[in-house]
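S.K.: For the record, the sequence lines run as chains A and B. Quick note: the first sequence, position 21, residue 21 per this note's numbering, numbers continuous. Just so we're on the same page, this note's numbering is the position in the second sequence counted from 1, plus 141.
Check before you lean on any hint, since a few could be wrong.
[Stated by the list, open to error] Here are the simulated DMTMM-like pairs of lysine to aspartate or glutamate, each with C-alpha atoms no more than 20 Å apart in a straight line:
(1) B/Lys179 <-> A/Asp65
(2) B/Lys241 <-> B/Asp272
(3) B/Lys241 <-> A/Asp65
[Claimed, not checked] Chain B stretches covered by chain A per the calculated footprint, using a threshold of three residues with CB under 8 Å from any CB of chain A:
(4) 223 to 235
(5) 293 to 307
[Unchecked claim] Output of the computed footprint for chain B on chain A, the stretches with three or more beta carbons under 8 Å from beta carbons of chain B:
(6) 8 to 17
(7) 20 to 29
(8) 33 to 45
No lab work stands behind these hints, which were simulated from the structure alone. We treat Cβ as the ideally placed atom computed from N, Cα and C, and that holds for glycine.
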Amino acid sequence: MSETADPARLKKLSEELRCLVCQNQTLADSNAELAVDLRRQVETMISAGRSDREIRDYMVERYGDFVLYRPPMQGNTLALWLGPFAMLAGGGLIWWLVQRRSHLAAQASLADRGSAQVSAPPDQAELNNRRDRARDLLRPR
Amino acid sequence: MKTLRFLIPVAIFATIGWFLLKGLDRDPRQVPSPLINKPAPAFSLPQLEQAGNWSPDSMRGQVWLLNVWGSWCAACVIEHPLLNQLAENKVVPIVGLAWKDVPDNSIAWLRKYGNPYSVVVTDRAGQVAIDWGVYGAPETFLIDQQGVIRYKQIGPFTPEIIRDELLPMVRKLQSR
Chain A
1 MSETADPARL KKLSEELRCL VCQNQTLADS NAELAVDLRR QVETMISAGR
51 SDREIRDYMV ERYGDFVLYR PPMQGNTLAL WLGPFAMLAG GGLIWWLVQR
101 RSHLAAQASL ADRGSAQVSA PPDQAELNNR RDRARDLLRP R
Chain B
142 MKTLRFLIPV AIFATIGWFL LKGLDRDPRQ VPSPLINKPA PAFSLPQLEQ
192 AGNWSPDSMR GQVWLLNVWG SWCAACVIEH PLLNQLAENK VVPIVGLAWK
242 DVPDNSIAWL RKYGNPYSVV VTDRAGQVAI DWGVYGAPET FLIDQQGVIR
292 YKQIGPFTPE IIRDELLPMV RKLQSR
């Protein structure tokens, strides 16, 4: 019966389907007895002229979405599919906020310095501060 | 703003921690069956020790259990006394499906551990088991009067599961 089954299709399908006994292996990788049976089932269905989609559906009807190595995009897997993108967007947003804040802070300090020089005389604390900094710079090492 | 800066990492940590904690008591081997509340797949299989094929159609109008087992299955030995007890108390008819087993071995096993089954069918090729989405033994299905699967136990029954899950379900279905 396996003579007419296209080996390439069998290989492709069994790499997409999970072995239920050894759950982190595909049907193609596993030598568990059930995996052998399921591969034979896939083979039989290919020979019977069923499409890849029909074969996948057959497995999902019996073993659930879990049997698919690539989870389908549907209601209960939205978080799985969109989660990484949401996290990327969240990270991007935080990065943008931080960038904007440091940019604004830099601008604000420039503006402060400008206004201090032109309009208002610096207060006593600021004067003391500048004097100390100047003294530090001039102190011989 | 200062507290927010402190709270964000804590919140992220708590979220990840919560998911990891939840993951601890979930058994990845328990794959929920998509067949629950679906019509039981039809089959016709040879009986063990009796001539002729048997098909689930003959159970129409009854609530019954299909127990998938094999003489090669170690966990089935542990579960078996519970099935014997269910049969003794005539709670519900139990049909045995000898999965990928040599009939002589099945017969010897039943002689040794007792036979709670009203019928035993043999699925040597494992074709019917695949149709029922079986991936390990023992697995037990509860089927209602209309031939719809209502419940599935993966792995051996325990007295607690029988008391808290199976029996209430059986009573509910039988009283309809």
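S.K.: All the hints need checking, so say for each whether the structure fits it.
M.R.: Results for each hint:
Distance hint between lysine 179 of chain B and aspartate 65 of chain A is fulfilled; the C-alpha atoms sit about 16 Å from each other, no more than 20 Å. Taken as a hint, the lysine 241 of chain B and aspartate 272 of chain B pair is honoured in the structure, with Cα atoms around 14 Å apart against an allowance of 20 Å. At roughly 25 Å between alpha-carbon atoms, lysine 241 of chain B and aspartate 65 of chain A are farther apart than 20 Å, so this suggested pair is violated. Here the region 223 to 235 of chain B counts 0 residues with a CB under 8 Å from a CB of chain A, which misses the bar of 3, and the coverage is violated.
With 0 residues carrying a beta carbon less than 8 Å from a beta carbon of chain A, the region 293 to 307 of chain B misses the three-residue requirement, and the given coverage is violated. By the rule of at least three residues with a Cβ nearer than 8 Å to a Cβ of chain B, the coverage given for the region 8 to 17 of chain A is violated, with 0 such residues. Here the region 20 to 29 of chain A counts 3 residues with a CB under 8 Å from a CB of chain B, which clears the bar of 3, and the coverage holds. Coverage of the region 33 to 45 of chain A by chain B holds [criterion: at least 3 residues with CB-CB distance below 8 Å; count 5].
Of the numbered hints stated above, those contradicted by the structure are hints 3, 4, 5 and 6, listed in ascending order.
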